[in-house]
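Enquirer: Here is what each chain is made of, one letter per residue.
There are 2 protein chains.
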Amino acid sequence: MKLTPHILALLLAWALPSLALAAPLPSWNSGVAKQAILNFVQKTTDPDSKDFIPLPERIAVFDNDGTLWPENPLPFQLAFTLDELHRRLPEEPSWKDDSAVQAALGGDLPALLADHYKGLFRIIELVGSGMTTEDFAARVRAWFSTARHPRFKRPYDQLAYQPMLEVLEFLRDNGFKTFIVSGGGADFLRIFTEKTYGIPPEQVVGSNTRAVFELKDSGPVLVKTMADLFIDDKSAKPVGIYQFIGRRPIVAFGNSDGDKQMLEYTTIANPHSSLGVIVHHTDAEREYAYDAKPKSTGQLVAALAEAADRGWIVVDMKKDWRRIFPE
Amino acid sequence: MKLTPHILALLLAWALPSLALAAPLPSWNSGVAKQAILNFVQKTTDPDSKDFIPLPERIAVFDNDGTLWPENPLPFQLAFTLDELHRRLPEEPSWKDDSAVQAALGGDLPALLADHYKGLFRIIELVGSGMTTEDFAARVRAWFSTARHPRFKRPYDQLAYQPMLEVLEFLRDNGFKTFIVSGGGADFLRIFTEKTYGIPPEQVVGSNTRAVFELKDSGPVLVKTMADLFIDDKSAKPVGIYQFIGRRPIVAFGNSDGDKQMLEYTTIANPHSSLGVIVHHTDAEREYAYDAKPKSTGQLVAALAEAADRGWIVVDMKKDWRRIFPE
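Residue numbers (the working numbering), protein chains in the order written: chain A, 1 to 327; chain B, 328 to 654.
No lab work stands behind these hints, which were simulated from the structure alone.
Just so you know, not all the hints are guaranteed correct.
[Unchecked claim] Per the computed footprint, the stretches of chain A lying under chain B, defined by three or more beta-carbons under 8 Å from a beta-carbon of chain B, are:
(1) 191–204
(2) 211–219
(3) 238–252
[Unchecked claim] For lysine-lysine, the following PhoX-like pairs were computed, each having C-alpha atoms within a straight-line distance of at most 25 Å:
(4) A:Lys177 to B:Lys480
(5) B:Lys480 to B:Lys645
(6) A:Lys234 to B:Lys543
(7) A:Lys177 to B:Lys522
(8) A:Lys318 to A:Lys295
(9) A:Lys50 to B:Lys522
Every value quoted in this text rests on a predicted model; they were computed, and no experiment measured them.
Ideal placement from N, C-alpha and C gives every residue a C-beta, glycine not left out.
Could you build all of it, start to finish, from the sequences and the hints given here?
Expert: Here's what the structure looks like:
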């Protein structure tokens, strides 16, 4: 590498903000959770600490729905999927005969989620396969640019939790590589994670399927299918982490029983120091309050019961977070 | 980020070598191939160029066998697999009745590769599933520490092509993110790619299967299976790139018809400038010479025929490379 003016500018851009940066995690109130995060980063990045972790091993994984943004009144990808179903229905008259479509149009969420989400995946198949990956991406982008959350009246991608954005940035500033490990679809997630969370597509592990490659006259395309569907939830989260990342994380943030195995994989008998965190939804006024009986997804019972034994930090959104969303 | 002494040291470590660094690609002879690589990097990293590519989009993908290291007399993973078969045979007497094992022990490579590599994958199943991912990793590490290449008499992981190591480094020095996209097994590749190529596990896309998560008394493990086998070759390479990386590359290096679709996906109708390169094995004296009739894998006919039309650079190993292996 030559030290060109361009490289020098990059170096300066990297070094200068650090000089002016205020204390980390400003949207977190003082307390056990904030202190645990600060202490963990301090001890794992201090070369003189017995808990020091070399840079390449600093892998941090984050669930998305309920951990980085809300999952109510519906997971946002489900809102997109239902909106897409309505939008395309006039041009797809045969869809009306489908029982999953009928359940979706009738707002019958329990029917969609029954039998291991069979109806939901049928809807996802209808609106999320058979087109090219670029067409799908364009539809997701169009949705984000127009749809608004029914309660918070904002574009969905402006509802990331401010305190979690600060955690992501704080970890990255300290050499951690941040990954999404979500039950949501990777194709959907990758449209907004870079802009919203600073997490590039190649660091997004989500539910996924295999596309099909075709070389058309206009150029190469990948056509979305439902082949080899991988649902990146529960026991599959460590499987997805191994398959996509290939290293054991040392930091995991989740909010539901769907994250239990990811937290276990990260924190139990890990040769490195590790940090497991559960975001507990306790703030009905500013966001939502639920655990055993969630309004949509996000049931939190088993992981919460295990937290004390495992040393997982439980974040009390109401007490620990000074604010919920960005200004 | 605070500008701690540790961060300062990192900054200096990053900046200083660049001051002393000699001209890039020293093991490349002057010629069309070297010039094409230099020109491409120059124009895509110059902010004033119409071909400038923003940092996050600088994705470069590399085939492994025959592109970054040899694939003769056998692909190295196959050498490992056969050595493992022999090593474990005494403790697995039932294996002797397996027709694939018999073909392997008899050195009958055509039989192993027939019927879409059915025999080969049976052997891979025998020596590569049923154990934990950590056990498998330990076996691969043990093999690399003892096995020697029959012709070059070196540990296999010291046979990376020196000119390609320089390409990887040159691209990374210019803000490119380098990925392996190989038909080889991701589990096998990830053991050595970080040390040998400077490519971390999370930037390795290879053939893969799904493991199974188990929480044992001793801690969490992932048990290797053959479930959902994905063979990352030919048309599957763009599929794997989309699934794992989620962006279209702008640089692709390959050496065989197995890389044709990856080269097509990278270079045809890409909105960005792109670079496709084929490493042509023309040096029987220092390495091997083959294309239409390879000694093992690596047939190169269709991609070579397409190269001129597509503007792919064909590297003539004999003429273009000053040396083949590191000292």
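Enquirer: Hints first: check each against the structure and report whether it holds.
Expert: Tested hints:
1. 191–204: holds (count 6)
2. 211–219: holds (count 6)
3. 238–252: holds (count 8)
4. A:Lys177 to B:Lys480: violated, 38 Å
5. B:Lys480 to B:Lys645: Since the Cα atoms of Lys480 (chain B) and Lys645 (chain B) sit roughly 21 Å apart, the hinted pair holds (cutoff 25 Å).
6. A:Lys234 to B:Lys543: Holds: Lys234 (chain A) and Lys543 (chain B) sit about 16 Å apart, inside 25 Å.
7. A:Lys177 to B:Lys522: OK: Lys177 (chain A) and Lys522 (chain B) at ~19 Å, within 25 Å.
8. A:Lys318 to A:Lys295: holds, 18 Å
9. A:Lys50 to B:Lys522: holds, 24 Å
When the structure is compared with the earlier hints, a violation turns up for hint 4 alone.
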